[in-house]
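Student: Protein chains in written order, with this note's numbering: chain C, 1 to 236; chain B, 237 to 463.
Bear in mind the hints are in silico, worked out from the structure with no lab data behind them.
Note that beta-carbon positions come from the ideal geometry of N, C-alpha and C, so glycine has one too.
Some hints here could point you the wrong way.
[As the list claims (entries may be wrong)] Now the stretches of chain C that chain B is said to cover, found in silico as 3 or more residues with beta-carbon under 8 Å: (1) 52-66; (2) 76-86; (3) 105-112; (4) 118-130.
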Amino acid sequence: MTPFDFDRVTVSDVSRAYGRRRALNRVSLSVTSGEIVGLLGPNGAGKSTLLGLLSTLIEPSSGEIRYGDKTAREAGPALRARLGLLAHELQLYPELTARENLEFFAGLYGLSDPPDRAAAALSRAGLVERAADTVQGFSRGMRQRLALERALLHEPKLVLLDEPFTGLDEFSSRALGDRLRQLRADRRVVVLATHDLEAVDGVLDRAVILRDGRVVALGDSGGSLRERYRAGLTGR
Amino acid sequence: MSAFFRVAWLVVRKDLTIEMRSREMLYTTLFFAVSCVLVFSFGFVREGQPLEGAAAGILWIAIAFAGTLALGRAFERERYNDALRALLLAPVDRPAIFVGKLLGILGLLAAVEMVVVPLVALLFRAPLLQHPVMIMVLLAAGTIGFASVGTLFAAMLARTQTRGVLLPVLLYPVAIPALIAGVSGTLALIQADPNLPIARFWMAFLGFFDTVTLTLALWFFEPVMTE
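Between the sequences and the hints, there should be enough to build the whole structure, so can you do that?
Tutor: Structure representation (structure tokens):
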């Protein structure tokens, strides 16, 4: 497979409909390497749908998304090797151990030496002592940390995170914030959807505020994130 | 090509690992198939004499019902926790995922058939093991045809609420040719005067059916999995 890379993801006039309901309505934005962009908005705003579109798992009803200068169809399977998704459902197999989950996905991504990769990921997740335990016995926070490492195993260029702070205690939240800053320093493109404004305040470079499937504000002006969010939703 | 089969093997191994821990699908499928055969034996065996030719139909009914039960659970592990999306996001040929799931189902049904075939032979006094190679080829070909259609439909319905109801409704009309061929071929082998040319005809039919269904399933798997 020919390697594929990009420094910018451009969403152009993208809509996504489910029957009569428009989950996303003519959304346009772009994200570049070395920035962390937050998708903020109330429930049903279209944040998860936009992440699904960016991950190529959902196709837009209209509009296009370009990764560099190529669409997903033009880039082919090589694009998926550069995408990492931490979804709201954690995409782990509860009957497998933490190590088995990571080794399975490492093998699926064609990574060399899956056991070593899994061991390194377990260390970053702080789960070395629980490596041989099945995931069904893990707390939500532990699963979240493991799922994050699963999403980052193959060092994706575009990192998509849906509510990554859910279930994390203060220490883990801070560690995740540090991890996101490290990804930014590594020139990854990071897009995360969240309700937790406190957790991401100081982490985000830009905020895209969605409501009813539309971008209502690009909150990159001054003030705290909460102020920008409120201003974006109310239009003041 | 090696990458394709590597991915298929990874999926099979993952499913086997999970199944060896829980044995949930194996036990429920086996129990269901055996119960089927036992119940039918009460109806179709009178005073120790089975109804002529009943064994062929009952064998394939047990396989079909057990197969439907297994197929209904085939993507359950991927559906739970949305692991199916993680599989689809991997940079692999998506039909390889289909092949991996199909091989898992075939392994499970092979285990069921290893129990059900001798049981039917015993309860219905059917000479199923008289032509062991031909019966094995018939079972393999019929099971592949049934399972390849079933795996595609199970994948299609993985995210649907009413998948339990819809799967048999969609599956049986399409899989009926495989079941009829299986029953007819088996009957040709176990009747008093075995008709080997007829059995070979139905084997050839199943070979054709399997080629068509596998090709179509591999072709359609990716489009049906994309939202």
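Student: Please count how many residues of the segment 105-112 of chain C have a CB within 8 Å of a CB from chain B and say whether that reaches 3.
Tutor: The restraint on the segment 105-112 of chain C holds, since 5 of its residues have a Cβ under 8 Å from chain B and three suffice.
Student: Apply the coverage criterion to the segment 52-66 of chain C and chain B: a residue qualifies when its Cβ sits closer than 8 Å to a Cβ of the chain, and three qualifying residues are needed.
Tutor: Held - the segment 52-66 of chain C has 6 residues with a Cβ nearer than 8 Å to chain B, which meets the minimum of three.
Student: Checking C-beta pairs, does the segment 76-86 of chain C have three or more residues closer than 8 Å to chain B?
Tutor: holds (count 7)
Student: Residue count check for the segment 118-130 of chain C against chain B: does it reach three with CB-CB under 8 Å?
Tutor: violated (count 0)
Of the numbered hints listed earlier, the single one contradicted by the structure is hint 4.
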